[in-house]
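Student: Residue numbers (numbering that gives the first Met the number 0), protein chains in the order written: chain A, 0 to 326; chain B, 0 to 500.
Since the hints were derived computationally from the structure, they do not count as laboratory data.
We put the CB at the ideal spot given by N, CA and C, even for glycine.
It is possible that some hints are incorrect.
Unchecked claim - Chain B side only, calculated, beta carbon under 7 Å to chain A, not exhaustive: (1) P324; (2) M348; (3) S349; (4) L359; (5) G367; (6) L371.
What the hints assert, rightly or not - Okay, the calculated bits of chain A under chain B, using three or more residues with CB under 8 Å as the criterion: (7) 185-193; (8) 198-206.
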Amino acid sequence: MRYLEKLLSAIGPFLGLIFVYLVFCFVAPPEFHSIYNTKLILSQTVIFGIAALGMTLVIISGGIDLSVGSLVALGTVVTATFVSKYGGQDPGILIPATGAVLAVLACGFCGFITGSIVAGFGIVSFIVTLGMMQVARGVAKGLAGQTTVTCPTNWLNDMMIVEPAAGAWWSIAPAVWVMLGLLGLMYVVLHYTVFGRRIFAVGSNESTARLCGIRVRLNKVWVFTLSGVFAGLASVMQFSNLTLGDPTAAVGMELKVIAAVVIGGGSLRGGEGTVVGSIIGAIIMAMLQNGCNLAGVPNYVQNIITGAIIITAVGVDRLRHGRQTEV
Amino acid sequence: MDEQQPFLQLQNVSKQFGGTVALDDVNLAVRSGEVHALIGENGAGKSTLMKVLSGAYQPDEGEIYLDGEHVEMDNPLKGRRLGVAMIYQELNLAPHMTVQENLELGMEDTTLGFVKSQREEIEEVLELLGHTSLPLDTPVRRLGVGKQQVVEIARALLTDARVIIMDEPTSSLSAEDTEALFSVIRKLRDAGYSIIYISHFLEEATEVADRYTVLRDGEVAGTGSIEDMSERELIRLMIGRSLNEMFPSVEREPGEPLLDVEDLQGPVPDGVSFTLRRGEILGIAGLVGAGRSETVRSIFGLESADEGYIDLAERGQVHVKYLSPRRSLDLGLDLMSENRNREGLALNMSVAENMTLSSLDNYAGFGGWGLLNVWKERRAVRDWIDEMDIQCRGAEQQISTLSGGNQQKVALTRLLEAGSDILLLDEPTRGIDVGTKVQIYRLMGELASEGRGIVFVSSYLPELLGVTDRLGVMYQGRMSDIYPTEDWTEEDVMRFATTGR
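Take the sequences, apply the hints, and build the full model.
Tutor: Set out below in structure tokens:
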């Protein structure tokens, strides 16, 4: 019984994914279930997915990070500004790489600031990251001079090519491989390192964590810094997609990322969540967007659907916990 | 009175969950005008029986009779309508609403419709309870726990309850409030209500109850008038074996000093000093709020004290300001929290994860930065489960699904796992069954005989007198002189605890 329940909650997100897929197979035109479109959905997952890996850490530790969308925008601007300034006509390999690293560092630094304020002053992360959302967006706009930053195309843009070796079934966007690599890395970090176990402990019961000698505040600083770093990595993929720096990009993305984590089994009360589930959640979010577009569902309906899914996912999370406390 | 027809009767009630028998052919008879103590170890079936009574569970077999009539308790609401009210350990009151508003929340299914008539009825009930002075217009959160409990009981009476079930009602009450609650219970009894009183404190049961039923492993081990029973006999019924010694003695010899606490000054502790030696159990007695928890928590760095030093035999002197749990653990101190649910355990984590939370670094390479050796961790956890005799389905079981006694053993195992020499145990036997208590007393003795030092904080004087080597008493943040335990009498301890002299 209990094992069945455990199994169900583990494969629940996966069943959800299959369900959404089947629905679109009926509703959307046949292109939807082509191999190419599957690859397209995967590459559209990458940005949510990478950000969701960082968000998973934050949510497991009992917090929330609303600044992710703004950080992604900031990251694209940082990369584009650097490449356009120092890249000349042909930026080569090193200049875009440095731009990408700078974007990750900038976002990681923002996460570090967020984490330090959350830990140092004991303000709830909802408020601090709401502030950081505005600050990062403002910095991005200022840095970009209120407009988009163009720069010459470079190898970073190849990251998001849906099918690098055209026609070959095995060929998917390099960015997808990056996401899968990061997924494996974070899986190991969460389940096979002391740091990972401590994130769960802090989210499960902060007082217990403190009693057990865990440096709760330091842990929080790390978690938010990492969330920033992952937002930075996501921003590199966003830049790759846009081929320019856009301070108004990824508005509201944090909500979809949070939805992905919650769909994947993360609990907004902390202490629960899996990176595999979060990535599946991200695929579901990308698939919804892709399928709706193909099926010709207008944008406003998509908004409504996304909102309904977020509420449903949180509702399911609540139900799951309600049942647990009853036993 | 003995010939009186029982008001509430359970006949041959059985209940199974999967393969485990939770209740086996249980009979329970409670008369009106009687306080009936329901006694049993954790896991003996008390809470299942209560859930059957309140309608939350349906029995597989057996009948319930209320006032001679056969009733079906399909759901908790039905139980409530038939006049069975539960008062849980954690009170169900809306803290921001006034006393009257809280009382009226429960009135929805009565026939009275208007505020005025409700007020009259409320006053009637409060008079019955002897609490006419209860301020009806004050928000409930401003009342003490004891008064809040009265509100809860009053609410039960207002919904026409005839049977009131109280689950560990004194667990968060001071001695004074407990006395007040007992007088309320006696008034209810005299007014003809039936009260089922569940408690771990046998002396409370013998003080307030008229009759008792002891459950053991889902069966009734004994029932009768409590006047004829001694505490020792009740314990024997609960455990099912003769308990020669509640407090097993383990040979030990106090050694060199391990910990010197020097003039601890904080928001609460007021110049507390004491020395703890190797191989010694040092008891701290006192009333709730006397500053015992604050003292050990400041020594561990969980709460900040203003002034004072701790002097560790091998590590030298440290000012309390520079202590944190992490630092203290590194210095060889460890603390077991008095509040298992809020602080002692991470409830939605597994048995294994809770056990190793303080000692995780030992399972990861590169001084804690490498990968966790999960296999080694599980093996250690399995050994602990065997050694500590923890009843669970396995290392992966979620800790919240264990019984209180087993949870407490896991919490204690965490300290053993971390391997500190100085153990600060704050109410380590609170809310657990007698069998586990004895195991913990023996373990404490063994730990001391291995050369560790234990500070044992407790509100339960018999265990302090039975287990400790030396004893101090706290009163308003001050510590009495510390004497060998055999030099203290119960009266001496209580006098210092209540007067500071």
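Student: A separate judgement is required for each hint: does it hold in the structure or not?
Tutor: A quick look at each hint next to the structure:
Annotation: P324 (chain B) was flagged as interfacial toward chain A, and the flag holds, the nearest CB pair being 5 Å apart, inside 7 Å. With a least beta-carbon distance of about 5 Å to chain A, the hint placing M348 (chain B) at the interface is held under the 7 Å criterion. Evaluation of the S349 (chain B) hint against chain A yields a violated restraint, the C-beta minimum of about 10 Å exceeding 7 Å. Satisfaction of the interface hint for L359 (chain B) is found here, the shortest Cβ-Cβ separation to chain A being roughly 5 Å, below the 7 Å cut-off.
The interface hint given for G367 (chain B) holds, since its Cβ lies 5 Å from the closest Cβ of chain A, which is under the 7 Å cut-off. Residue-level restraint check for L371 (chain B) holds (minimum Cβ-Cβ distance to chain A is 5 Å; threshold 7 Å). Look at the segment 185-193 of chain A against chain B: 5 of its residues bring a Cβ nearer than 8 Å to a Cβ of that chain, three or more, so the hint holds. Coverage of the segment 198-206 of chain A by chain B holds [criterion: at least 3 residues with CB-CB distance below 8 Å; count 5].
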